[in-house]
Amino acid sequence: MRFPAAICLLAAVLVCCKGDSVSAIQGLVSRILGEEYVKRFQYEVIDPEPGTLKDVFEVDSTKQDGNPVPVLRGTNGVALASALNYFLKYYCYCSVSWGDDGSGDQLQLPEPLPTGFPKVRQVMAKFRYYMNVCTVSYSMVWWDIDRWTREIDWMALNGINMPLSFTGQEYVWKKFYMSLGLNESEIDAYFSGPAFLAWQRMGNLKGWGGPLNDAWIEAQRDLQLQILNKTREFGMMNVLPGFAGHVPDSIRLQYPNSTFIKTSNWGNFNATYTGDVLLEPTDPLFMELGKKYYGILIAEYGTDQLFNSDTYNEMQPSSKDPSFLAATNKAIYDAMAAVDREGIFVMQGWLFQNTGFWTNDVIKAFLSGVPDDRMIILDLSAEARPIWQRTESFFGKPYIYCLLHNFGGTRGIYGNLDAISTGPITAATTKGSTFVGIGLTPEAIEHNPVVYDLMMEMAWRNDTVNVDQWIQQYARRRYGNVSDSTISANLVSAWSLLHQCCYVHDFSGNIKSRVELAPAITMGSTNWDTFTNTTIMVKALELLLTGCNDSHLVKVGPYQYDVVDITRQAITNLFADVQVMFGLSYQKWQFRNENSTTEFMSITNAMLEMISDLDKLLASNTNFLLGKWIEGARNSVQKESKEVQDLYEFNARNQITMWGYHENIEDYASKQWAGLVGDYHMRRWKLFSGLMLACLMNGSHLNFDEYENERYALEREWGMELTKYPTEPKGQLVDIVNDIHLKYISVKDSQITYTATQDSEMTGKYIYLFGAGYKTWTKDVNQLRYLCDINPTCYGFTSTGLAYNATGTITKSPSVTLYTKIPHNTF
1 MRFPAAICLL AAVLVCCKGD SVSAIQGLVS RILGEEYVKR FQYEVIDPEP
51 GTLKDVFEVD STKQDGNPVP VLRGTNGVAL ASALNYFLKY YCYCSVSWGD
101 DGSGDQLQLP EPLPTGFPKV RQVMAKFRYY MNVCTVSYSM VWWDIDRWTR
151 EIDWMALNGI NMPLSFTGQE YVWKKFYMSL GLNESEIDAY FSGPAFLAWQ
201 RMGNLKGWGG PLNDAWIEAQ RDLQLQILNK TREFGMMNVL PGFAGHVPDS
251 IRLQYPNSTF IKTSNWGNFN ATYTGDVLLE PTDPLFMELG KKYYGILIAE
301 YGTDQLFNSD TYNEMQPSSK DPSFLAATNK AIYDAMAAVD REGIFVMQGW
351 LFQNTGFWTN DVIKAFLSGV PDDRMIILDL SAEARPIWQR TESFFGKPYI
401 YCLLHNFGGT RGIYGNLDAI STGPITAATT KGSTFVGIGL TPEAIEHNPV
451 VYDLMMEMAW RNDTVNVDQW IQQYARRRYG NVSDSTISAN LVSAWSLLHQ
501 CCYVHDFSGN IKSRVELAPA ITMGSTNWDT FTNTTIMVKA LELLLTGCND
551 SHLVKVGPYQ YDVVDITRQA ITNLFADVQV MFGLSYQKWQ FRNENSTTEF
601 MSITNAMLEM ISDLDKLLAS NTNFLLGKWI EGARNSVQKE SKEVQDLYEF
651 NARNQITMWG YHENIEDYAS KQWAGLVGDY HMRRWKLFSG LMLACLMNGS
701 HLNFDEYENE RYALEREWGM ELTKYPTEPK GQLVDIVNDI HLKYISVKDS
751 QITYTATQDS EMTGKYIYLF GAGYKTWTKD VNQLRYLCDI NPTCYGFTST
801 GLAYNATGTI TKSPSVTLYT KIPHNTF
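At position 629 of the sequence shown the residue is numbered 629 (the numbering used here), and the sequence of numbers has no breaks.
What the hints contain is simulated information worked out from the structure, not anything from laboratory work. There's no promise every hint is true.
Unchecked claim - Below, computed lysine to aspartate or glutamate pairings styled on DMTMM-like, alpha-carbon distance capped at 25 angstroms: (1) Lys262 / Glu314; (2) Lys39 / Asp65; (3) Lys175 / Asp334; (4) Lys364 / Asp334; (5) Lys63 / Glu36; (6) Lys89 / Glu36.
Claimed, not checked - Here are the simulated distance ranges between beta carbons: (7) Gly690 / Asp646: 23 to 33 angstroms; (8) Glu392 / Tyr37: 41 to 51 angstroms; (9) Gly690 / Thr800: 26 to 36 angstroms.
Quick reminder that beta carbons are idealized off the backbone N, C-alpha and C, glycines included.
Make the full structure from the sequences, and use the hints.
Here it is, written out as structure tokens:
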């Protein structure tokens, strides 16, 4: 495959950035390890891999002034940082990861620093891409330069050399629109609020959450210049926003003879906020406006010759005609190349997931409009739903194998480490492959660091990874040296179990716990319920919690995070079973006219207590606080009026709850954060359970329409509130976790005893507590005891997860244990 433009581009960056590389890595060392460590390494800039011009890093040691020192070598700042990361991970057993105020780092560096090891040399994939177009709205929208600096350091350590750089583009767009004759009010009506800009930029949305504040637009422009200075110092190639043709409707008045396409409604929004217009790329005006736009963009931010343009994200062209499709994509590229002759068109491949429109023939026609060496496709979800395999490597276009993994910022323990450990290798070595790199494209970040840690190692690995062995090393790096060998072994075993129960599945959609979904009588199953092995997770958690006995370990940031995160997951998994009992208890009255009020109240109280305990747990860690998200929104315009600050707080609240005004994409971006769980979600569950209890007590049935109207009113009210939530953690983690462990895991505070009958279960005249043949998701005996305890009609349960609310005939059933309450009249 010929790919001269990209190779030349990379070579140019390597040459122009060599002078900044050493200062870039020294700055990173100072920020991450401390100023005193800067002189404890030797840094050398080396040439790229001969014949490929790929980045290379080396880790070595030498003597300096008679003393041994580690040597970091690399082709640029990113490669040098990759060498440092390798040294920290594999020689110091340390790790640098996401975490508020450095709480994700474990940097117990050995003294002296390791030396005398064999030289390591790793050749990196040519491109290492980072970010989804949604990431900047779901995770980064309120960041300041300090938080961006930390992220750029993390990017460099993980070898990323191709970040999406979307900050500050509204400054360019406003300048562009005003040059076309639009006025302030027309632009204000078009720009969405800060938390929703990603979808306005893609042509899905307009105006929702706006208008944008001029001071914010200018501040974002200044922030972008700072970001670009830092990324370019490392030698990163920034992907800047391209011209896709999505424009304000009012532009049609300026150009009445041009062809504009009314786009389809998106996200159930009405015409006020969606159904925007697209300037048809084949119209001559597209070239004229595109050239003007790129001229303004490059004048403001310079160019690294990479531009992202997604004209048809979650929408489709007006025609399937092959010549039209080729001409369309050619026009998008030509507008870019007219201003930057070395420009490369970077496109997300997400649109091709719509196989109803994008058949292989249609994809091939569309891509044919751009020269092969002038386009890079991001195979956005290659780890779960690869496009490269069914399109013969995008019919000759270079592509980057990407990990999507997360939708909307879902807080859950999940991912497919096994797929990550093999997928990129298969993609790179398949005959005829046009693979040129790997990428991270999550919609939101700061979760599941283990997934991203392994994925970025695949940028320099040439062979598949033994995940079982790798994850044991990961546990050691994440927590550091643990003096008690038993606890140390337990931590490793915990991660081995987490691999088995949580990190072996591809999740191809937005997944939520039932806590954060709109309450309902029956809620179906979620991916977590179906695929996460709750029983194994409980075992992993119990092993992890043995570390609470180590006074040093409980102060380690990653350990604190993992204890909260895994305990959180265990509670929300158990909540799924409680919610099923909750709904079935109501249905006894609804369908069988049984008086289930006492049972319903007992289960409801337990369910609400579980939500309260979850919120208390989340509040103990700085990484799970709603207050920080809202504070970030207000601080982004802290010098502006209270009215502007209130609007930006509304943006922050609305995105993680209603995501719109009514039946739009509600709860899509919800987070399990303290404050959001204990206030917003608690209010919804109290409302719903209160209405259901009233029905039980007065003999009526739930009016679902009235309930939804009350719920929407509650949600809108919360979205407009200005309640302040804590921005600092509260409570003692060990005490909180121990209380939760006693209540939901070990169930040691239970006042009810059970008799166990081996190799037995019930048959005959019995009633399943959960419905005929239904088994609980958890099979942990202690958690099954908890479920039976909180339901006064529960007679007993089996070790396989069958629960009963009436006696029957005890029969032999090998390897099954029957547990029954003593005395039986407790129900």
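Tested hints:
1. Lys262 / Glu314: holds (14 angstroms)
2. Lys39 / Asp65: holds (12 angstroms)
3. Lys175 / Asp334: holds (22 angstroms)
4. Lys364 / Asp334: holds (18 angstroms)
5. Lys63 / Glu36: holds (18 angstroms)
6. Lys89 / Glu36: Distance ~20 angstroms between Lys89 and Glu36 Cα, so the pair holds.
7. Gly690 / Asp646: 23 to 33 angstroms: holds (30 angstroms)
8. Glu392 / Tyr37: 41 to 51 angstroms: Given range 41 to 51 angstroms: holds, Cβ gap about 49 angstroms.
9. Gly690 / Thr800: 26 to 36 angstroms: Since the Cβ atoms of Gly690 and Thr800 sit about 35 angstroms apart, the hinted range of 26 to 36 angstroms holds.
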